[in-house]
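Enquirer: Protein sequences, first through last, are from chains L, C and R.
All you need for my numbering is the position in the first sequence, starting with 1, plus 6.
All you need for my numbering is the position in the second sequence, starting with 1, plus 337.
All you need for my numbering is the position in the third sequence, starting with 1, plus 52.
Be aware that a few hints might be false.
[Unchecked claim] Examples of chain L residues toward chain R, derived with CB under 8 Å:
id	residue
1	THR18
2	ALA85
3	PRO123
4	MET124
5	GLY192
6	HIS203
I should point out that these hints are in silico values taken from the structure, not numbers from a laboratory.
Where a beta carbon is used, it is the ideal one built from N, C-alpha and C, also for glycine.
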Amino acid sequence: MAINWFKYSAPTTFYGLAGKLIPWFALSAAILFAIGLYIGFVVAPVDAQQGEFYRIIFIHVPSSIISMFLYLIMAGYAALGLIFNTRLSAMMATAIAPTGALFAFISLWTGALWGKPMWGAWWVWDARLTSELILLFLYLGYIALHASIDDPRRADRASALLAIVGSVNVPIIYFSVQWWNTLHQGSTIKFTGTSMHIAMQQAMFTMLAACWLYAIAVVLARVRSIILEREKHTLWISELPEVKG
Amino acid sequence: MSGLDIWMREHTLAYIWLGSYAVALLIFAIEIAMVIHKRKITLQQVRLMRDAEDEAGDEK
Amino acid sequence: MRKMKQETRNNMKPRQKRFVFIAVAVAALALVVGLVLNALDKNVSLYFTPTQVFNNEAPHGRSFRIGGLVEEGSVKRQMDGLTVNFVITDQHKSIPVVFKGILPDLFKEGKGVVAQGKVEADGVMHAEEVLAKHDENYMPPEAADALKKGEAANASAVTATPPGAPAAPAAK
Chain L
7 MAINWFKYSA
17 PTTFYGLAGK
27 LIPWFALSAA
37 ILFAIGLYIG
47 FVVAPVDAQQ
57 GEFYRIIFIH
67 VPSSIISMFL
77 YLIMAGYAAL
87 GLIFNTRLSA
97 MMATAIAPTG
107 ALFAFISLWT
117 GALWGKPMWG
127 AWWVWDARLT
137 SELILLFLYL
147 GYIALHASID
157 DPRRADRASA
167 LLAIVGSVNV
177 PIIYFSVQWW
187 NTLHQGSTIK
197 FTGTSMHIAM
207 QQAMFTMLAA
217 CWLYAIAVVL
227 ARVRSIILER
237 EKHTLWISEL
247 PEVKG
Chain C
338 MSGLDIWMRE
348 HTLAYIWLGS
358 YAVALLIFAI
368 EIAMVIHKRK
378 ITLQQVRLMR
388 DAEDEAGDEK
Chain R
53 MRKMKQETRN
63 NMKPRQKRFV
73 FIAVAVAALA
83 LVVGLVLNAL
93 DKNVSLYFTP
103 TQVFNNEAPH
113 GRSFRIGGLV
123 EEGSVKRQMD
133 GLTVNFVITD
143 QHKSIPVVFK
153 GILPDLFKEG
163 KGVVAQGKVE
173 ADGVMHAEEV
183 LAKHDENYMP
193 PEAADALKKG
203 EAANASAVTA
213 TPPGAPAAPA
223 AK
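Using the sequences plus the hints, can you model the full thing?
Expert: Written as structure tokens, this is what we have:
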């Protein structure tokens, strides 16, 4: 299939495409959230060790995974923008940052609420928790740096460097539980598979899919506003029906 | 053991729901509201700018 | 695609330069971070194992954390109902711990634990805080029972799982 992908890398076409896709992503996210929560709280059995408390995993692990992946995607777009000087890549990176930060926050928050009853502490300065906290600060730093520079192109370049440099933190988060002694347990989902009970797995992967679809929907919605803002002097924007309206 | 420690063990599901899931869903709701708000504001700005340009230019 | 290739060829130099610059910067940074982390290894770790304590790798005279398993049969409660004695082991070395306070729910013999405190001259750690460290396996109680029975049977044969309980994937 000869799809011209570069057509969609132009803000002009991407704006319309994103607008058409957002409702579908949002709708499927909502449906999968409902299914995931149903499996997680009704179908999945209690855990032998942790009883009901383990059910925090269904939101904790998906948000942690997404906070890490979104960072890599953000850094990837930032690098693309830096290398190819494409307009859309930089806008995508800017649009991803707030969502990534929120998922990092949810990961830390739910982790604290899980840690208190099970470990006996809301927080410990172990390598896994600390590196995830650094991830949140990297997101916030990226947002703050981008916002502090008035010229958008310069802001893109400066914050892109921060995003790229910060991406070394992501493998550190992932491998921290293997490299150092941590209070945080090892990964349940490994590259080689998982030892998790099937209904628990289904709940977690459904919630993961739901969170992904949600993240895509809000990022696309945000990038549409950024496109509007940055390209407002162009002809194609002034001819949009919602602008003419 | 504090009151909260005892409460979370006696009402585990309420603790999980209020503490983790409700907070996460609230964050999602706030984010959605912010994204919608930003879209509104941006559209308004773009329309204002376009009107200003229309008046400035002598097209039509 | 062809369009891109042409474009790339035309603007090869600045683009390639930027790409190489970023690649080199990231590689250099990764190397630096790796070296720093390697140097910090012991400080980054949350706790010391009993073996490390015996090898004098743990700090003296100040509070630190020891992590390992609670030795089977070592937990003894004193008369006051609050003070607990137990032994942390890593299967090679063991360190006795005394702790006065409330233990976390998951504190159990044979399970993971991290205790913070000072090791006194008598070789006993006087803990100020005891945290439970749980593993990454999640399964319903029936499956856990089946798994335990299977272990008890000591790999003599594959044990049957109770009806209704899905076969527990043995912890790999």
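Enquirer: Decide, hint by hint, whether the structure agrees.
Expert: Going down the list of hints, with the structure as the test:
1. THR18: Status violated, d = 16 Å.
2. ALA85: holds (6 Å)
3. PRO123: Constraint on PRO123(L) satisfied, holds at 6 Å.
4. MET124: holds (6 Å)
5. GLY192: holds (5 Å)
6. HIS203: With a closest approach of 5 Å, the HIS203(L) hint holds.
Consistency note: the structure conflicts with earlier hint 1 alone.
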